[in-house]
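Listed below, chain by chain, are the residues.
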Amino acid sequence: MSRGRLGMAHGHAEGNHELTLVFAGSKALTANTTPLAPPSREHGVVLKDPALAALLAWLVPGLGHLYQGRIAKGILFFVCLVSTFAYGCYLGGSSELGWGRVVYVAWRDDDRRLAYLCQVGIGLPALPAIVQASLAKKGKPPRWNGFMAPPRPEAFGQVGEDFAQALSNQPTLDELHFQLRSYFDLGTAYTMIAGLLNILAVYDAWGGPVLPESARKEDDEGEPEEKKQTTRKQQP
Amino acid sequence: MNGLLFAAVATNPLWYALPLIVVVSLVYAATRHEDAVSILTHALRIGVWIVGFMLSVFAVLSLISWLV
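Keeping their order, the protein sequence lines are chains P and H.
Sequence positions in the first sequence follow this note's numbering and run 15 to 250.
Sequence positions in the second sequence follow this note's numbering and run 8 to 75.
So here's chain P without its partners, still in its complex pose (with noise of 0.2 Å):
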């Protein structure tokens, strides 16, 4: 809402002959000058529909700030963001057992699988998991070789008889953890790094860069400052 406001206040201050006419009188005259609110910014950064930026940031790391136009750290969100979480796929996976075996939707008694809910913060490279696990619950196995299917479960009786007989080829939590050793847990903490940096990412698309204190104050103290300087020089 308030963010709304600001793009307004914006427009206004555009146009300072709209400004008066729209506080001095009639709703006609308000409704013809403001047909259009302008994108919203915040420390000179355009950030457009801030809330479309932030879901397209959520679904495809730095997609949102290449719709701002903001295409240098669209590139470096997706590079660095991209690229960690597919290494924590490659950690976590082998050809033999299938890759991203450290993704995965899973809730039952022996494995609560917490870690999916920062890994999905990078969007849709996650978003497979819930696929596979949905799929798994109708009864059908997993694809792709078994990228980003959840574990067979340990016993049978934790699960239903559709869901065990859907992962009876898949290997179980034990095995993932003895044939990947630590890489594992690695794969892990790569993923979910990558899923809660993009949180930030989708932030950043959100309410623009957050600068620190001193920057700001820099950034306050500097527009005084020139308009000082363009006073001293119309002075005689």
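Simulated from the structure, these hints should not be mistaken for laboratory data.
Check each hint, because a few of them may be wrong.
Cβ-to-Cβ under 7 Å is the rule here; a few derived chain H residues that face chain P [claimed, not checked]:
{"#": "1", "residue": "V34"}
{"#": "2", "residue": "A37"}
{"#": "3", "residue": "T38"}
{"#": "4", "residue": "R39"}
C-beta atoms are modelled at their ideal positions from N, C-alpha and C, and glycine is treated no differently.
Fit chain H to the known structure of chain P by using the hints.
Frame of chain P; chain H shown alone:
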């Protein structure tokens, strides 16, 4: 002996922290600033801070291990 030392250093799992430090520094700094120079400067500062923090934890743990 040198070969063993090199192998121990090369296979140390701490090397896996290096890409994470770089990525965390860059992404965190990029959410704070808009221009490239500020981002890189801030990222360098954060990276040095993280490494320093890790070294201080290492020193404390080494001290405890030496004492016990």
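Check: Given R39(H) was flagged as interface, is its beta-carbon under 7 Å from a beta-carbon of chain P?
Finding: The hint holds - R39(H) has a Cβ within 7 Å of chain P, the shortest such distance being about 6 Å.
Note to self: Take the shortest C-beta to C-beta distance between A37(H) and chain P; is it under 7 Å?
What the structure shows: holds (6 Å)
Checklist line | Hinted contact V34(H) with chain P - closest CB pair below 7 Å | finding: Holds. Min distance 5 Å.
Margin query: Let's test the interface hint: is any C-beta of chain P closer than 7 Å to that of T38(H)?
Written below: T38(H) check passes; min Cβ-Cβ to chain P is 4 Å, inside 7 Å.
In this structure, every one of the numbered hints holds.
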